[in-house]
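Engineer: Put together the whole structure using the sequences plus the hints.
2 protein chains.
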Amino acid sequence: MSPARQPEAVVLSIGEELLQGRIADGNAREFAQELLRMGFVVRRFLTIGDAPGDLQRALGELDGSASVLISTGGLGPTADDRVRAETAAYAGVNLQEVPGAVAALTQLFLRNLREEAPKPFLAQGFVPGDARPIANAAGSAWAFVLDLPRGTRYLAMPGPPVECRSAFHDGGGAAALAERAHGAAGVAFRSFHTAGAAESAIEAKIRELLAESENPRYGITANARGVTVSALAFAAEGGPSPETLLDAASVTLRERLGELLWGSDADTLPEVVVRALVARGASVTVAESCTGGRIAAAITSVPGSSRVFRGGWICYANESKVRELGVAEALIEHHGAVSEEVAIAMAAGARERGGADWAVSATGVAGPDGGSEAKPVGLVWIGVAGPEGAWAVERRQWARAGRSSVQQQSVRDALDALRRELSGQPRLPPRP
Amino acid sequence: MSPARQPEAVVLSIGEELLQGRIADGNAREFAQELLRMGFVVRRFLTIGDAPGDLQRALGELDGSASVLISTGGLGPTADDRVRAETAAYAGVNLQEVPGAVAALTQLFLRNLREEAPKPFLAQGFVPGDARPIANAAGSAWAFVLDLPRGTRYLAMPGPPVECRSAFHDGGGAAALAERAHGAAGVAFRSFHTAGAAESAIEAKIRELLAESENPRYGITANARGVTVSALAFAAEGGPSPETLLDAASVTLRERLGELLWGSDADTLPEVVVRALVARGASVTVAESCTGGRIAAAITSVPGSSRVFRGGWICYANESKVRELGVAEALIEHHGAVSEEVAIAMAAGARERGGADWAVSATGVAGPDGGSEAKPVGLVWIGVAGPEGAWAVERRQWARAGRSSVQQQSVRDALDALRRELSGQPRLPPRP
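If you read the sequences in order, they're chains Z and B.
If you count by the working numbering, then the first sequence holds residues 1 to 432, one letter each, in order.
If you count by the working numbering, then the second sequence holds residues 1 to 432, one letter each, in order.
Any given hint could be a false lead.
What the hints assert, rightly or not - Which residues of chain B face chain Z? A partial, calculated answer using Cβ under 8 Å:
| id | residue |
| --- | --- |
| 1 | R43 |
| 2 | F121 |
| 3 | G139 |
| 4 | L232 |
| 5 | S306 |
No wet-lab data here; the hints were simulated from the structure.
Predicted model only: the values in this text are computed from it and were never measured.
Even for Gly, the Cβ is constructed at its ideal location relative to N, Cα and C.
Structural biologist: Next comes the structure, spelled out in structure tokens:
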């Protein structure tokens, strides 16, 4: 619940292909972010089909429930594009031609397909009477804005991403909605990323913020890449700006989370590590067993990573650990491939062979098979070798989420171990 | 617009982070496909927040509107996980412990974190009275199925994809919904995966199927992993079953698409390649430059891939191509690192050093920088070495989609080149 009275918004997606799971709906998410930036609180996403009556029913339910409603889809030239007609029927108005639109569509069709445009194609130049036409420079269908009978302002846009973006940003869609935001511009959002501790441990450190703080409002989410704390701040009459509130939140979280915190917003852990290496003029190499190339893939996802990344080894089989990295066979025999000793030898070997300043290694049991009581699925040793020697840390990954998640958690831990070294933080702790 | 009278379903997604556009909702789409396969018609997706009252309000609206309702999210251990309590309040029942669940959760917490579990963590072992508990082997929260007062059967699942999948497929969620599908089984869906040709080329081969076939209905989608053709078949009075229609579609598509077709439904290209290697008792190694470990990551995503995967080299820097794989320095000087000659030398060197039957290599310009007129961003050479020699093919990847997409397209092409070799198909063609 937002403390300040933010105007509310609902996002509607129209299309049978969405309900059949045939295509992913990226529009709802994208426009939710836009609406948030404009100062709206998005209350709901709704996806409906394109059968006759579907939209009229939805408009009946949604009109009056929010200040603004936006939709994507249902404005094209085919028979199941019913948004124009159903909106007009709901509002009790007729369709009207956008001045000059039919002539322009006729010409467009003639030029592209060398024949007379069929009637459904020309229907794209009509909008419900009283609606404000919204231009769509990326396609042929006009979008529109209409104030519905119970007061909700409705922006109807075409479904293809380039077309709804064009209508929203360039055609006047956003401007028409902004009148309803009446200077709200009052929301700011930041996310703070951590690694090295479980969600429950992070939660324990900020429990009363999560439970009690109303502005900013805090949230917490976890996945294999780490735990993220988010803060959503609202403008309040005479109070500090949302950005000021978030700056203060940032300080608070830094105090509470310490070295667990590695970045914010669009930062990624590989980027943070690559930036730290570039700043020191240092290079890195990798020796990967259970992660199978994923640490290297994460590092090379960063543009310009070739400045610091030397390459590395995927040593899946034991003989390649021995042959390529010089891991002593006796070490593997005595301690097993998944062991502190082998993780250290892999990192040290890769650092030396690769001529790099730093090396990270990972050896573990990714599953689903291959675990034992002593070395269960999810057990991973992360090794780090640097100018001052090599060491390794045992991590117990959350194994029930599956092989791919164990691999991803291990990539996160390997990068996090290096991040901590490079920034002079305490070492990554073992998780018992 | 399904022909037969199918039972209806609604898909609910719960979480403030969805409405703020912070994370994408893959669950709704995935479960819509599952429900479709079971014979339900999905009428709506709805996304709501996790403020107090949000779910109760939605249940009040949706109960009675469809035969089944499924939700993901809101079942975790934190304060904003309100699904259990709000469902119980809506249904007018109390919460009940799943027999033995609290003891198991206490143990789990103790084992992983070495301390007593906090109360909110243990709350995950409770479900509304009368609900059927649904096991979630991938996480700690119990899912449940409850028949709501106005008759809709409600399946509540946790949000993390691995957890809701586990509850749905293995924990009994799908089985509880299937009782409501009462033998509908009137819809069937299959997808057919291709590689090696652009979407427009695939479309040209099946154009009239896409335009004219009503049962099955065909669709086409493309992403960096390839182009997929989907077919959706309906039961019709006195006609063939949907499965029979899809079997016929499968034959038709195999004729039209030939060696471009590599799998269907849940198949992945790495799996297909690993299966082919296992079937031949053959092994593989990799030499990766621009793909930076992603080919190895793809192969090692397949459980049991250690039977065929020997490991490999990430040779990002030129000196590592020379030192590790024995690529002649002169070759790099004369032709450049991104060249047919170097791709072949990398593959041949990796095959020999790794003692494997097969090797694949990739060297290219992933971007965003580093391109030239002669070697633009997106240019990638894929090398293959096998028992009968080594060769390479030039591919021009779609570069405007960005670095990560160029890398992914190159992984697809490298695996596809090997798939074709292993199955005796024509070689991957160059794309000019």
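Engineer: Restraint: R43 of chain B near chain Z, CB-CB cut 8 Å. Satisfied or not?
Structural biologist: Constraint on R43 of chain B satisfied, holds at 7 Å.
Engineer: Under 8 Å, Cβ to Cβ, is where L232 of chain B needs to be relative to chain Z, so tell me if that hint holds or is violated.
Structural biologist: holds (7 Å)
Engineer: Holds or violated: is there a CB of chain Z closer than 8 Å to the CB of S306 of chain B?
Structural biologist: holds (6 Å)
Engineer: Any CB of chain Z closer than 8 Å to the CB of G139 of chain B?
Structural biologist: Holds, because the Cβ-Cβ distance from G139 of chain B to chain Z comes to roughly 7 Å (cut-off 8 Å).
Engineer: Should the hint that F121 of chain B touches chain Z count as held when the rule is a Cβ pair under 8 Å?
Structural biologist: At about 7 Å, which falls below the 8 Å cut-off, the nearest Cβ of chain Z leaves the hint on F121 of chain B intact, so it holds.
The structure fails none of the hints (numbered hints given earlier).
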